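Novice: Sequence:
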Amino acid sequence: VVLVIGFFPLSFTLVVALESFVGEKERGTIEPLLSSPLEDSHMYIGKLLVGIATPLAFSFASIGIYLILVSRREVVFPSAYMLTLIALLTFAHAVLMVSSAIVISVQATTIRSANLLASFVVVPVAFLLQGETILIFWGNEDVLWFAVVAVTLLAALLVRLGLSHFRREYLLGREIDTLNFKLIGRTFRDRFTGQATSVFEWYRTEIPLTLKQLRRPLMIVCGLAVIVGIISYMWVVTNVPDYIDLKPERTAQFRTLISENLTNLDTLDQQFPAPLVFYNNVRATVVFLLLGVVSFGTLGLTAFIGNIALVGALLGGAQVVGYSPLLVFVTGLLPHGIFELTAIFLATAAMLKVGAQLVTPQPDKSLGETLLLSLADWCRIFVGIVLPLLAIAAVVEIYVTTQLIKLAFS
Numbered sequence: 001v002v003l004v005i006g007f008f009p010l011s012f013t014l015v016v017a018l019e020s021f022v023g024e025k026e027r028g029t030i031e032p033l034l035s036s037p038l039e040d041s042h043m044y045i046g047k048l049l050v051g052i053a054t055p056l057a058f059s060f061a062s063i064g065i066y067l068i069l070v071s072r073r074e075v076v077f078p079s080a081y082m083l084t085l086i087a088l089l090t091f092a093h094a095v096l097m098v099s100s101a102i103v104i105s106v107q108a109t110t111i112r113s114a115n116l117l118a119s120f121v122v123v124p125v126a127f128l129l130q131g132e133t134i135l136i137f138w139g140n141e142d143v144l145w146f147a148v149v150a151v152t153l154l155a156a157l158l159v160r161l162g163l164s165h166f167r168r169e170y171l172l173g174r175e176i177d178t179l180n181f182k183l184i185g186r187t188f189r190d191r192f193t194g195q196a197t198s199v200f201e202w203y204r205t206e207i208p209l210t211l212k213q214l215r216r217p218l219m220i221v222c223g224l225a226v227i228v229g230i231i232s233y234m235w236v237v238t239n240v241p242d243y244i245d246l247k248p249e250r251t252a253q254f255r256t257l258i259s260e261n262l263t264n265l266d267t268l269d270q271q272f273p274a275p276l277v278f279y280n281n282v283r284a285t286v287v288f289l290l291l292g293v294v295s296f297g298t299l300g301l302t303a304f305i306g307n308i309a310l311v312g313a314l315l316g317g318a319q320v321v322g323y324s325p326l327l328v329f330v331t332g333l334l335p336h337g338i339f340e341l342t343a344i345f346l347a348t349a350a351m352l353k354v355g356a357q358l359v360t361p362q363p364d365k366s367l368g369e370t371l372l373l374s375l376a377d378w379c380r381i382f383v384g385i386v387l388p389l390l391a392i393a394a395v396v397e398i399y400v401t402t403q404l405i406k407l408a409f410s
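Numbering (the working numbering), first residue to last: 1 to 410.
Keep in mind the hints are simulated off the structure, nothing from the lab.
Take the hints with a grain of salt, since some may be wrong.
[To be verified] Quick list of the computed label-pair ranges, beta carbon to beta carbon:
no., residue 1, residue 2, range
1, R167, E26, 30 to 40 Å
2, R283, L404, 19 to 29 Å
3, T133, R160, 23 to 33 Å
4, L404, I230, 16 to 26 Å
5, V123, R283, 19 to 29 Å
6, T193, P275, 22 to 32 Å
7, T251, P124, 41 to 51 Å
8, L246, E369, 17 to 27 Å
9, T238, L135, 21 to 31 Å
10, S113, E169, 15 to 25 Å
Computed from a predicted model, the values in this text were never measured in an experiment.
Quick reminder that beta carbons are idealized off the backbone N, C-alpha and C, glycines included.
Could you put the whole structure together from the sequences, leaning on the hints where they help?
Specialist: Here's what the structure looks like:
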């Protein structure tokens with residue numbers, strides 16, 4: 001309840017941040033501000049601090065009034081530790097919402113359009129609030145630290161986004177909003193095809209160029225995959241036996257159950273045909289991208305880490321029940337994983353590059369142009385490499401991996 005009490009004033013007073021730049025521009029009072037000797041970053045941070053102060057003051061005042069009323073009744077009062085976490089979370093919410101609103105204010109040309117776009121700030125944070133409430137009910141007070149860190153990270157990235165793309169001349173140069181679909185399509189096509197005039201030339205020149213740009217994000221993705229896989233494997237091996245009270249009799253039951261289910265692999269191609277496996281993998285890759293776009297790569301990377309953790313947990317589970325993790329990896333993961341994991345690693349690295357470019361200063365490009373060109377680069381990798389690899393992986397997984405598993409564990 002305290003989280004909700006703190007959220008409502010933030011949403012109502014968001015109009016202060018929404019009018020920070022576009023409001024002054026529409027009223028004709030922005031020219032003296034832009035002609036001041038302040039640097040662009042100083043001007044932006046000043047507007048950000050002013051925009052945060054008012055919503056945060058009303059939010060903390062509302063929480064204080066609510067707590068005073070609650071203290072006069074015979075109800076369970078939140079602990080000081082919980083109130084501290086809620087205060088930190090409310091502050092992170094304020095920075096997140098205000099920084100988003102100021103980005104909208106810079107990009108919008110009228111107050112009306114800025115207010116219409118405000119729903120893209122309020123609604124996601126409202127859903128985020130529901131998720132934080134679930135964390136409190138299902139976990140304990142300490143799990144709120146994960147929410148505090150996550151919201152703070154997103155808020156910092158939004159502040160970085162605003163600073164990267166704020167230029168005072170940009171405010172004076174735009175008078176109307178235009179959405180030229182032909183120009184958008186042409187820009188996307190030119191970036192996607194590059195200078196190539198044929199498919200062969202595209203694979204020979206443009207794909208290697210894009211892969212070269214993915215070197216750093218690919219190193220990050222591979223490093224995280226190794227670390228997460230090892231941690232997940234070690235956690236399962238260390239904790240699961242005690243958690244499920246694993247004894248030799250129970251281990252034998254698990255091995256018998258696995259052996260009996262190996263016969264189901266003969267009909268796996270009927271239950272899960274290769275096209276269905278391919279579709280599921282493609283859908284997961286696109287979901288990674290969508291999550292990454294709305295969170296500057298963080299949510300997409302989190303989903304990727306979750307999948308890698310499952311791989312480590314699977315190998316750890318094999319170790320727990322007495323199978324060789326190396327044998328499970330070689331026969332059950334490696335045949336199709338050569339193609340599938342390569343595709344997922346490349347798609348995740350390209351998604352991470354999209355988020356990184358959004359928060360990287362590019363004076364010669366607008367925010368929309370940066371996003372469009374980044375998505376075109378992602379589509380290059382997706383169409384040119386990821387889709388073919390996922391198609392091969394689906395066929396190998398259904399028709400080759402299953403047979404190797406039967407030979408190894410029958």
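Novice: All hints are to be evaluated individually against the structure, with a verdict given for each.
Specialist: Evaluated hints:
At about 19 Å, the beta-carbon gap between R167 and E26 misses the expected band of 30 to 40 Å. As the Cβ distance of R283 to L404 is approximately 26 Å, the hint placing it in 19 to 29 Å holds. Between T133 and R160 the CB atoms are about 28 Å apart, so this pair conforms to the stated range of 23 to 33 Å. A hinted range of 16 to 26 Å holds for the C-beta pair L404 and I230, which are about 24 Å apart.
Range check, V123 to R283: Cβ separation about 24 Å, and the 19 to 29 Å hint holds. Distance hint check: the CB atoms of T193 and P275 are about 28 Å apart, consistent with the given range 22 to 32 Å. Taking 41 to 51 Å as the suggested C-beta distance range, the pair T251 and P124 conforms, at roughly 46 Å. Our hint of 17 to 27 Å for L246 and E369 is violated, since their Cβ atoms are close to 56 Å apart.
The hint said 21 to 31 Å for the Cβ distance between T238 and L135, and at roughly 25 Å that hint holds. Distance hint check: the CB atoms of S113 and E169 are about 20 Å apart, consistent with the given range 15 to 25 Å.
Checked against the numbered hints given earlier, this structure breaks hints 1, 8; the rest are met.
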